[in-house]
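Take these sequences, add in the hints, and give me the full structure.
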Amino acid sequence: MKLEKSLELYTRGKRHLVGAVNSPVRAFKSVGGIPLFIDHAKGSKIYDVDDNEYVDMVLSYGPMILGHRNNYVDKTIKKYLKNGYTFGASTKGEIILSEIVCEAFPGMDKVRFVNSGTEAVLSAIRLARAFTGKSKIIKFSGCYHGHSDALLVAAGSGLATLSIPGSKGVPDEAVRNTLIAEYNNIDSVEKHLRKDDVAAIIIEPIAGNMGVVLPTKHFIEELNELTKASGVLLIVDEVMTGFRSKFGGAQELLGLQADITCLGKVVGGGFPVGAYGARNEIMEMVSPLGDVYQAGTLSGNPIAMASGIATLKELKKQNPYNDFDKTAAFLERTLLDAAKENGVDLQVNRFGSMLNAFFTKEKVVDFKTAQTSDTKKFKTFFWKMIEHGVFLPPSQFEAWFLSTAMSKRDIYKVRSAIQIAMKEVADKS
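Its first residue numbered -1, the sequence shown is counted upward by one per residue in the working numbering.
Worth flagging that the hints you see were computed from the coordinates, not collected in a lab.
The reader is advised that the hints may include incorrect statements.
[Said to hold, decoys possible] Label-pair ranges, simulated between beta-carbon atoms:
1. K338 to K73: 39 to 49 Å
2. S228 to D37: 45 to 55 Å
3. R407 to A87: 38 to 48 Å
[Unchecked claim] With a straight-line cut-off of 20 Å between C-alpha atoms, the simulated PhoX-like cross-links for lysine-lysine are:
4. K338 to K421
5. K76 to K90
6. K244 to K324
7. K215 to K244
8. K27 to K40
9. K421 to K411
10. K27 to K3
11. K244 to K311
12. K314 to K73
13. K166 to K27
14. K73 to K40
15. K374 to K361
16. K43 to K3
17. K426 to K382
Using N, Cα and C, we set each Cβ at its ideal position, and we do this for glycine too.
Right, here's the structure in full:
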């Protein structure tokens, strides 16, 4: 396998880009080696600058749910491009996409489009604080909600009670009002609610940035009851999970009763976009109707709106969710069978069109158990999968994604690569 051109670009990029990348995970630090530089993609495949072909299971971390350059989406984007790129003014596309999104999420009356998931989340938190008149928020260890200061927080000493900055440059004051709870541990939430004045709890319905981690039914039920009883708003971050398990949100399948929902990824069909939405009494606090200020020149960009409209229309037409579940189940069995055959400790979590393999014997239910994974084994597995034409996220703790463009041949190729890669893991252990 040749990666000469990727190496050349990596060397060149280090001169004027930080680490030759524009997002840390692309640097391949957790798996070693040089990052792959991608040249083009079509359908289920992605191609690097050395012309290596891969079945893409990164899919830009979720949004390319129809695969790359879907014909209908492609035609729609080209049509809208002829009208202009951005106007700094309102367009019809914003209204159409808002109607589609609100119809897909029960209880969402209004939505505001922004430019990223990070922006959606920080805006939702500001709104929750304004609506409740309180300042503190609770987040869960291992859940990622973007890189705003207040959310780059880690649990101190594993106690899930201390809030310390998780990045240099984030002052203690910025995270003073952020409390840490443990995913799937309702007692850790209740302790905070008993003693602190909390505006909102924010959660990923399916945690996707510590790998795919599912909430228990008991945890969901208790979380709903606690938030309602205490007057705390529940912010559900569906930036990753939105439209991935059904046409709408994972919250509906799980029974989560969201007050505010954050979206991104799929809603823009691959273009930079984010959104937050809620019932009228909450959303009407946002400017220009209310006093919660939030603005963006490129929010509701006409090309992003066109791509989102086309993507969601095509997704609704295809209705691929049963097929996604079958494919994910097939790959889960493949992974577990290959691991058992080679004596490798492995856990597989999946939900809808997302799945993840953890190299551990521990059942993965939270950030602590996810961290028991053997990252050295994942590194071996990752590069063997790359070598055999399957592009996975370069981290043990990132979700794998399925697209409607994956054919049976693609799926069998992934199966074959898994079997070879798992044997390599066993041989190097």
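Broken hints, numbered, in rising order? Hint 8 contradicted; others consistent.
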